[in-house]
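> Residue-level listing of the chains:
Number of protein chains: 2
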Amino acid sequence: SSSSRGFSGIYSFLTSLQDTNTHTQPTWHISKSYYCDYFWTDKKDPQGTTSVAGFEVLLQKQLKGKQMQKEMAEFIRERIKIEEEYAKNLSKLSQSPLAAQEEGTLGEAWAQLKRSCHDEAEVHLKFSNKLQCEVEKPLLTFRDNFKKELKKYDHHIIDLRKQLASRFAGVEKARKALADRQKDLEVKTQQLDIKHMNKHEEDIKKARRKSTQAGDDLMHNVDLYNRAQSKWFEEMVTTSLELERLEVERVEMIRQNLRQYTTLRHETDMFNQSTVEPVDQLLQSVDPARDRELWVREHKTGELRPVDMDI
Amino acid sequence: SSSSRGFSGIYSFLTSLQDTNTHTQPTWHISKSYYCDYFWTDKKDPQGTTSVAGFEVLLQKQLKGKQMQKEMAEFIRERIKIEEEYAKNLSKLSQSPLAAQEEGTLGEAWAQLKRSCHDEAEVHLKFSNKLQCEVEKPLLTFRDNFKKELKKYDHHIIDLRKQLASRFAGVEKARKALADRQKDLEVKTQQLDIKHMNKHEEDIKKARRKSTQAGDDLMHNVDLYNRAQSKWFEEMVTTSLELERLEVERVEMIRQNLRQYTTLRHETDMFNQSTVEPVDQLLQSVDPARDRELWVREHKTGELRPVDMDI
Numbered sequence: 001s002s003s004s005r006g007f008s009g010i011y012s013f014l015t016s017l018q019d020t021n022t023h024t025q026p027t028w029h030i031s032k033s034y035y036c037d038y039f040w041t042d043k044k045d046p047q048g049t050t051s052v053a054g055f056e057v058l059l060q061k062q063l064k065g066k067q068m069q070k071e072m073a074e075f076i077r078e079r080i081k082i083e084e085e086y087a088k089n090l091s092k093l094s095q096s097p098l099a100a101q102e103e104g105t106l107g108e109a110w111a112q113l114k115r116s117c118h119d120e121a122e123v124h125l126k127f128s129n130k131l132q133c134e135v136e137k138p139l140l141t142f143r144d145n146f147k148k149e150l151k152k153y154d155h156h157i158i159d160l161r162k163q164l165a166s167r168f169a170g171v172e173k174a175r176k177a178l179a180d181r182q183k184d185l186e187v188k189t190q191q192l193d194i195k196h197m198n199k200h201e202e203d204i205k206k207a208r209r210k211s212t213q214a215g216d217d218l219m220h221n222v223d224l225y226n227r228a229q230s231k232w233f234e235e236m237v238t239t240s241l242e243l244e245r246l247e248v249e250r251v252e253m254i255r256q257n258l259r260q261y262t263t264l265r266h267e268t269d270m271f272n273q274s275t276v277e278p279v280d281q282l283l284q285s286v287d288p289a290r291d292r293e294l295w296v297r298e299h300k301t302g303e304l305r306p307v308d309m310d311i
Numbered sequence: 001s002s003s004s005r006g007f008s009g010i011y012s013f014l015t016s017l018q019d020t021n022t023h024t025q026p027t028w029h030i031s032k033s034y035y036c037d038y039f040w041t042d043k044k045d046p047q048g049t050t051s052v053a054g055f056e057v058l059l060q061k062q063l064k065g066k067q068m069q070k071e072m073a074e075f076i077r078e079r080i081k082i083e084e085e086y087a088k089n090l091s092k093l094s095q096s097p098l099a100a101q102e103e104g105t106l107g108e109a110w111a112q113l114k115r116s117c118h119d120e121a122e123v124h125l126k127f128s129n130k131l132q133c134e135v136e137k138p139l140l141t142f143r144d145n146f147k148k149e150l151k152k153y154d155h156h157i158i159d160l161r162k163q164l165a166s167r168f169a170g171v172e173k174a175r176k177a178l179a180d181r182q183k184d185l186e187v188k189t190q191q192l193d194i195k196h197m198n199k200h201e202e203d204i205k206k207a208r209r210k211s212t213q214a215g216d217d218l219m220h221n222v223d224l225y226n227r228a229q230s231k232w233f234e235e236m237v238t239t240s241l242e243l244e245r246l247e248v249e250r251v252e253m254i255r256q257n258l259r260q261y262t263t264l265r266h267e268t269d270m271f272n273q274s275t276v277e278p279v280d281q282l283l284q285s286v287d288p289a290r291d292r293e294l295w296v297r298e299h300k301t302g303e304l305r306p307v308d309m310d311i
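Protein chains in written order, with UniProt numbering: chain A, 1 to 311; chain G, 1 to 311.
To be clear, the hints were calculated from the coordinates, so they are not data collected in a lab.
Be careful, since some hints might not be right.
One copy or two, either will do: identical chains are not told apart, so a pair holds if it fits within one copy or between any two.
No farther apart than 25 angstroms at their CA atoms in a straight line, the calculated lysine to any residue pairs in the SDA-like style are these [what the hints assert, rightly or not]:
| hint | residue 1 | residue 2 |
| --- | --- | --- |
| 1 | 88 | 267 |
| 2 | 70 | 151 |
| 3 | 44 | 194 |
| 4 | 114 | 149 |
| 5 | 162 | 140 |
| 6 | 66 | 226 |
Quick caveat: nothing in here was measured; it's all calculated off a predicted structure.
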């Protein structure tokens with residue numbers, strides 16, 4: 001926070017410098033909204049008391065992306081649980097003894113209908129297994145160590161900002177020192193001491209020398225500042241580009257995994273449809289006459305028909 | 001039970017008659033196993049103590065068919081419950097806030113994926129509703145009053161059997177009476193009573209008359225028996241044909257309903273597949289560059305780039 005405040009100090013300085021500067025500000029890229037064009041400034045909170053570095057906003061975006069990835073995996077996990085429950089219920093139902101006593105061709109068709117419920121269960125179980133391997137797992141494991149990576153970027157940029165703030169303080173200090181020395185020279189030059197002329201001229205020479213040194217010192221500090229700024233600038237650009245690349249990779253990874261989800265959904269519905277075919281076939285073959293024949297053969301009591309009594 | 005025993009008495013009589021009878025036994029239908037060819041005889045249980053009328057076996061078959069219909073409806077009810085549970089779970093999942101903060105084109109695709117879970121829920125809910133109306137309900141309501149109908153058939157046939165047994169008893173009684181009269185006549189004819197010749201001749205004439213009457217009586221009873229048998233026979237054939245028809249109707253009804261089940265399953269899988277289409281489309285449109293643009297536009301902190309300090 002103190003470095004942020006120091007840094008916003010730099011920006012107010014830069015802003016004022018910008019106003020007086022006749023240089024035009026070159027834009028890095030004209031379109032495509034690259035990160036490195038838009039996150040130089042600190043973000044002030046509404047009250048205006050604290051601020052967050054632009055780079056922090058970029059890092060937060062990355063962390064949020066990782067969180068989204070994790071939440072999507074959780075969603076898939078929930079779907080897996082639902083599918084497993086459905087499969088379990090269908091499988092249990094398929095073992096039901098209801099109407100098991102139906103015989104003949106109708107009985108066969110009914111038995112196949114029950115069996116098809118188990119086939120459906122298998123389809124959904126397969127779906128849930130594939131969801132786990134091909135969608136949930138990749139979402140969970142992509143960039144396992146990402147937070148550590150981001151922390152490295154964060155600390156590096158923070159260090160460079162601290163150094164820049166420190167160099168800026170150095171420039172301010174040198175500027176003040178120069179102002180003091182120049183004032184001292186001016187005062188001494190304006191004084192008139194007829195009595196002690198020699199000493200006075202010595203004093204002026206001394207004051208002039210100190211003023212020159214202070215000027216050199218200021219220029220040295222400005223040079224240090226500019227180098228620090230250059231390093232920070234370069235790191236910001238490099239890291240921004242990397243974060244952009246990482247984000248594109250994340251979006252593509254997610255897109256791919258979600259496509260796998262829809263592929264599995266398509267597959268599942270198709271496999272599920274095929275479980276009905278054998279039932280349709282056996283229903284086609286249902287033959288009441290045949291069933292009567294089979295039943296009569298097994299359950300007939302006797303063919304002896306009554307005849308008239310004859311005396 | 002007593003009527004059954006009486007009836008099996010008829011059958012042992014018939015069997016013995018059959019053995020002596022020179023008539024060939026016409027078969028009603030040569031093939032196709034019509035009920036009315038095979039259920040004349042009572043079914044003896046293994047111990048041989050009691051028996052069940054062949055017609056009872058046919059009735060039991062009908063009752064069992066009704067029971068099968070009911071059990072199939074129960075099975076469908078279970079399936080309905082499973083589908084409702086699945087739909088409820090998917091619908092709840094679709095409202096999950098997981099990864100709701102994902103923005104841009106990827107965020108839209110993700111939101112649609114969640115929405116598609118709700119669409120799937122709707123598909124399965126529709127399936128369960130149609131299962132109820134188009135499969136369960138018809139199975140439950142088909143021949144609501146069937147047991148009453150069957151009872152009517154049962155009682156009618158039982159009455160005819162009782163009457164037949166009673167006529168049979170009548171024949172036996174008349175036969176015995178004839179035998180007695182004939183024996184009496186024989187005895188009286190062989191007696192020689194020279195002393196009371198006129199009375200003796202009167203006695204013989206009387207005995208002969210009684211014998212003739214007993215003969216007429218026997219023939220009358222036989223005629224009554226044959227009529228009773230004819231009625232029972234006719235009713236058996238008519239009712240058997242009706243029960244056959246009802247059974248064919250039952251099998252066809254069930255087949256139709258189960259076909260409706262498979263039709264609904266096909267439909268459901270197809271509707272389910274279509275819920276994935278919009279997700280595929282939005283995944284197609286995922287554009288990392290666009291997403292970056294949108295995000296930067298909203299979250300940028302400032303474009304002011306640092307420039308070198310110049311003194």
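> Now look at each hint and say whether the structure bears it out.
Evaluation of the provided hints:
no., hint, in the structure
1, 88 <-> 267, "both (20 angstroms within a copy, 23 angstroms between copies)"
2, 70 <-> 151, "within (19 angstroms within a copy, 67 angstroms between copies)"
3, 44 <-> 194, "neither (59 angstroms within a copy, 157 angstroms between copies)"
4, 114 <-> 149, "neither (54 angstroms within a copy, 31 angstroms between copies)"
5, 162 <-> 140, "neither (35 angstroms within a copy, 81 angstroms between copies)"
6, 66 <-> 226, "neither (36 angstroms within a copy, 96 angstroms between copies)"
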